[in-house]
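> Chains as they are written, first to last, in our numbering: chain P, 1 to 253; chain H, 1001 to 1075.
Read the hints as simulated data drawn from the structure, not as lab findings. We treat Cβ as the ideally placed atom computed from N, Cα and C, and that holds for glycine. Hints may contain errors.
As the list claims (entries may be wrong) - Simulated restraints on C-beta separations:
hint: 1; chain 1: H; residue 1: Ser-1007; chain 2: P; residue 2: Lys-81; range: 55 to 65 angstroms
hint: 2; chain 1: P; residue 1: Ala-224; chain 2: H; residue 2: Val-1035; range: 34 to 44 angstroms
hint: 3; chain 1: H; residue 1: Thr-1051; chain 2: P; residue 2: Leu-125; range: 49 to 59 angstroms
hint: 4; chain 1: P; residue 1: Glu-68; chain 2: H; residue 2: Ala-1013; range: 27 to 37 angstroms
hint: 5; chain 1: H; residue 1: Gly-1032; chain 2: P; residue 2: His-251; range: 47 to 57 angstroms
hint: 6; chain 1: H; residue 1: Ile-1021; chain 2: P; residue 2: Lys-52; range: 32 to 42 angstroms
hint: 7; chain 1: H; residue 1: Gly-1024; chain 2: P; residue 2: Glu-68; range: 50 to 60 angstroms
What the hints assert, rightly or not - No more than 20 angstroms apart at the CA atoms, straight line, and that leaves these computed lysine to any residue pairs for SDA-like:
hint: 8; chain 1: H; residue 1: Lys-1009; chain 2: P; residue 2: Pro-159
hint: 9; chain 1: P; residue 1: Lys-30; chain 2: P; residue 2: Ser-17
hint: 10; chain 1: P; residue 1: Lys-169; chain 2: H; residue 2: Lys-1009
hint: 11; chain 1: P; residue 1: Lys-145; chain 2: P; residue 2: Asp-72
hint: 12; chain 1: P; residue 1: Lys-169; chain 2: P; residue 2: Ala-187
hint: 13; chain 1: H; residue 1: Lys-1009; chain 2: P; residue 2: Gly-23
hint: 14; chain 1: P; residue 1: Lys-84; chain 2: H; residue 2: Ala-1061
hint: 15; chain 1: P; residue 1: Lys-169; chain 2: H; residue 2: Met-1047
hint: 16; chain 1: P; residue 1: Lys-84; chain 2: H; residue 2: Phe-1058
hint: 17; chain 1: P; residue 1: Lys-84; chain 2: H; residue 2: Pro-1042
hint: 18; chain 1: P; residue 1: Lys-169; chain 2: H; residue 2: Tyr-1029
hint: 19; chain 1: P; residue 1: Lys-81; chain 2: P; residue 2: Ala-187
hint: 20; chain 1: P; residue 1: Lys-145; chain 2: P; residue 2: Thr-122
hint: 21; chain 1: P; residue 1: Lys-84; chain 2: P; residue 2: Ile-102
hint: 22; chain 1: H; residue 1: Lys-1009; chain 2: P; residue 2: Ile-13
hint: 23; chain 1: P; residue 1: Lys-169; chain 2: H; residue 2: Val-1031
hint: 24; chain 1: P; residue 1: Lys-137; chain 2: H; residue 2: Val-1059
hint: 25; chain 1: P; residue 1: Lys-81; chain 2: H; residue 2: Thr-1051
hint: 26; chain 1: P; residue 1: Lys-145; chain 2: P; residue 2: His-132
hint: 27; chain 1: P; residue 1: Lys-169; chain 2: H; residue 2: Gly-1046
hint: 28; chain 1: H; residue 1: Lys-1009; chain 2: P; residue 2: Lys-84
hint: 29; chain 1: P; residue 1: Lys-169; chain 2: H; residue 2: Gly-1055
hint: 30; chain 1: P; residue 1: Lys-30; chain 2: P; residue 2: Ile-102
hint: 31; chain 1: H; residue 1: Lys-1009; chain 2: P; residue 2: Lys-30
hint: 32; chain 1: H; residue 1: Lys-1009; chain 2: P; residue 2: Val-243
hint: 33; chain 1: P; residue 1: Lys-81; chain 2: H; residue 2: Met-1047
hint: 34; chain 1: P; residue 1: Lys-169; chain 2: H; residue 2: Phe-1058
hint: 35; chain 1: H; residue 1: Lys-1009; chain 2: P; residue 2: Lys-145
hint: 36; chain 1: P; residue 1: Lys-137; chain 2: P; residue 2: Thr-194
hint: 37; chain 1: H; residue 1: Lys-1009; chain 2: P; residue 2: Pro-9
hint: 38; chain 1: P; residue 1: Lys-81; chain 2: H; residue 2: Gly-1046
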Amino acid sequence: MLLAAEFPPLSHITNWSAFAGDGQWWEINKVVIVYGFAVLFTVLLFTLGNKKKLVPTGAQNLAEMAVEFVEDGIAVETMGKEGKKYVPFLMSLFFFIFFTNIFEVIPVIQMPAAARIAMPMTLALIAYVVYHGAGFKSHGIGYFKHALVPPGVPIALLPLVMLIEFVSKFLVQPFSHTVRLFANLLAGHILLVTFAVLTTALVTPKWYAVFSPLPFAGVVFFTAFEVFVSFLQAYVFTLLTGVYINAAQSHEH
Amino acid sequence: MLLAELSNKGVAALTYGLAAIGPGVGIGYLVGQAVQAMARQPESAGMVRTTMFLGIAFVEALALIGFVVFFLAGA
């Protein structure tokens, strides 16, 4: 009965029963624990990076490398010199996402918090407020003109272009920002579950048990791949936040 | 009619496959061009890589929306 391998319904692999406070607003389940650890690690990183020794050693070295990566690789890369004031924001965003994602492959927990849409949606909304806020701060009320009217558009096409720009900047942009993180992590989680279910289904006394190393190799390979995806999605989310902030506040066009 | 015989889940799975065609071609083309650019000008590799990931993120969104619709329609 190979094909009858029981695949758990989606709600079983993303919904976790509460450890305490079932149904209350402070309900504690697996996802909340992942948030807790991610916040803890991010705060730890900030504390380590805050010591001001001239020659950094050990943990401070690591924290400074992390700051440098976000500053040079993300903030300055997307916004230029003025991006430096956004480094703390982008830094907390990047490491919070990275630490929640990496729990996808950490045994016992093995649940990326971003596979529940609540977390990517909240982060995308925070980023939404920040980049539109940066736009209003930089342009005042003229931000609507900056955002909705691209330069050099014929006057006859203006209403259509403004409508398209409004839908894409104010509605679709946060949506795709959310879905990109959410769907990537959910897909990775389902992929790992699929291979794990297949492996256990093949551990039988039947002759086709000889194939069981194949899905197991799949689990190993995709676990390594998911480590890469966790990093990449945190990077892409933060990079896009930087790009959106830059598009909102820039004066060039 | 073939489509009429498929279950709701079958149609959802088929639609996800359709949604993956465009982004598949797009990402392939994008990364291919980026590799070419990096091979020609290794000194600009850092900039090309960042822009490549940005482009991939935008293209990939289409496939991921297809993936989400797959669950919305198929569940």
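> Each hint needs a verdict: does it hold in this structure or not?
How the hints compare with the structure:
Range check, Ser-1007 of chain H to Lys-81 of chain P: Cβ separation about 57 angstroms, and the 55 to 65 angstroms hint holds. One distance hint, 34 to 44 angstroms for the beta-carbon pair Ala-224 of chain P and Val-1035 of chain H, is violated here, with the actual separation near 22 angstroms. For the hinted restraint 49 to 59 angstroms between Thr-1051 of chain H and Leu-125 of chain P, the CB-CB distance of approximately 26 angstroms leaves it violated. In this structure, Glu-68 of chain P and Ala-1013 of chain H break the distance hint of 27 to 37 angstroms, their C-beta atoms being roughly 45 angstroms apart.
In this structure, Gly-1032 of chain H and His-251 of chain P break the distance hint of 47 to 57 angstroms, their C-beta atoms being roughly 35 angstroms apart. Under the hint 32 to 42 angstroms, the C-beta atoms of Ile-1021 of chain H and Lys-52 of chain P, about 54 angstroms apart, miss the expected range. A hinted range of 50 to 60 angstroms for the beta carbons of Gly-1024 of chain H and Glu-68 of chain P is inconsistent with their spacing of about 35 angstroms. For the suggested pair Lys-1009 of chain H and Pro-159 of chain P, the alpha carbons sit about 40 angstroms apart, so the restraint of at most 20 angstroms is broken.
With a C-alpha separation of about 8 angstroms, the suggested pairing of Lys-30 of chain P with Ser-17 of chain P holds against the 20 angstroms cut-off. At most 20 angstroms may separate the alpha-carbon atoms for a hinted pair to count; Lys-169 of chain P and Lys-1009 of chain H exceed this at roughly 33 angstroms. Straight-line distance between C-alpha atoms of Lys-145 of chain P and Asp-72 of chain P comes to about 31 angstroms, which puts the hinted pair past the 20 angstroms bound. Between the alpha carbons of Lys-169 of chain P and Ala-187 of chain P the distance comes to roughly 26 angstroms, so the proposed pair goes past 20 angstroms and is violated.
At roughly 31 angstroms between alpha-carbon atoms, Lys-1009 of chain H and Gly-23 of chain P are farther apart than 20 angstroms, so this suggested pair is violated. At most 20 angstroms may separate the alpha-carbon atoms for a hinted pair to count; Lys-84 of chain P and Ala-1061 of chain H exceed this at roughly 28 angstroms. The straight-line distance between the Cα atoms of Lys-169 of chain P and Met-1047 of chain H is roughly 25 angstroms, outside the 20 angstroms bound, and the hint therefore fails. The hinted pair formed by Lys-84 of chain P and Phe-1058 of chain H fails the criterion: a straight-line CA distance of about 25 angstroms is larger than 20 angstroms.
For the suggested pair Lys-84 of chain P and Pro-1042 of chain H, the alpha carbons sit about 27 angstroms apart, so the restraint of at most 20 angstroms is broken. Proximity of Lys-169 of chain P to Tyr-1029 of chain H is assessed by CA-CA distance (about 26 angstroms); at most 20 angstroms being required, the pair is judged violated. Restraint check: the Cα-Cα separation between Lys-81 of chain P and Ala-187 of chain P comes to about 36 angstroms, which exceeds 20 angstroms; the hinted pair is violated. Using a Cα cut-off of 20 angstroms, the hinted pair Lys-145 of chain P and Thr-122 of chain P is violated, with the two alpha carbons roughly 27 angstroms apart.
Distance restraint check for Lys-84 of chain P and Ile-102 of chain P: the Cα-Cα separation of roughly 27 angstroms exceeds the 20 angstroms cut-off, and the hinted pair is therefore not satisfied. Restraint check for Lys-1009 of chain H and Ile-13 of chain P: the C-alpha separation of about 19 angstroms stays at or below 20 angstroms, so the hint holds. Between Lys-169 of chain P and Val-1031 of chain H the alpha-carbon distance is near 26 angstroms, which puts this suggested pair outside the 20 angstroms criterion. About 30 angstroms separates the Cα atoms of Lys-137 of chain P and Val-1059 of chain H, which puts this hinted pair outside 20 angstroms; it is violated.
For the given pair, Lys-81 of chain P sits about 18 angstroms from Thr-1051 of chain H by alpha-carbon distance, which is consistent with the 20 angstroms threshold. Taken as a hint, the Lys-145 of chain P and His-132 of chain P pair is honoured in the structure, with Cα atoms around 13 angstroms apart against an allowance of 20 angstroms. Note on Lys-169 of chain P and Gly-1046 of chain H: the hinted pairing is violated, with a Cα-Cα distance of about 28 angstroms set against a maximum of 20 angstroms. As the CA atoms of Lys-1009 of chain H and Lys-84 of chain P are separated by approximately 48 angstroms, the hinted pair breaks the 20 angstroms bound.
Between Lys-169 of chain P and Gly-1055 of chain H the alpha-carbon distance is near 17 angstroms, which keeps this suggested pair within the 20 angstroms criterion. Of the supplied pair hints, the one linking Lys-30 of chain P and Ile-102 of chain P holds, its CA atoms being roughly 14 angstroms apart against a limit of 20 angstroms. Distance restraint check for Lys-1009 of chain H and Lys-30 of chain P: the Cα-Cα separation of roughly 29 angstroms exceeds the 20 angstroms cut-off, and the hinted pair is therefore not satisfied. For the proposed pair Lys-1009 of chain H and Val-243 of chain P, the alpha carbon gap of about 37 angstroms is over 20 angstroms, so the pair is violated.
Only pairs whose Cα atoms come within 20 angstroms are accepted, and Lys-81 of chain P paired with Met-1047 of chain H is accepted, the gap being roughly 16 angstroms. Taken as a hint, the Lys-169 of chain P and Phe-1058 of chain H pair is honoured in the structure, with Cα atoms around 14 angstroms apart against an allowance of 20 angstroms. At most 20 angstroms may separate the alpha-carbon atoms for a hinted pair to count; Lys-1009 of chain H and Lys-145 of chain P exceed this at roughly 45 angstroms. Using a Cα cut-off of 20 angstroms, the hinted pair Lys-137 of chain P and Thr-194 of chain P is violated, with the two alpha carbons roughly 48 angstroms apart.
For the given pair, Lys-1009 of chain H sits about 13 angstroms from Pro-9 of chain P by alpha-carbon distance, which is consistent with the 20 angstroms threshold. Restraint check for Lys-81 of chain P and Gly-1046 of chain H: satisfied, since their Cα atoms lie roughly 17 angstroms apart, inside the 20 angstroms limit.
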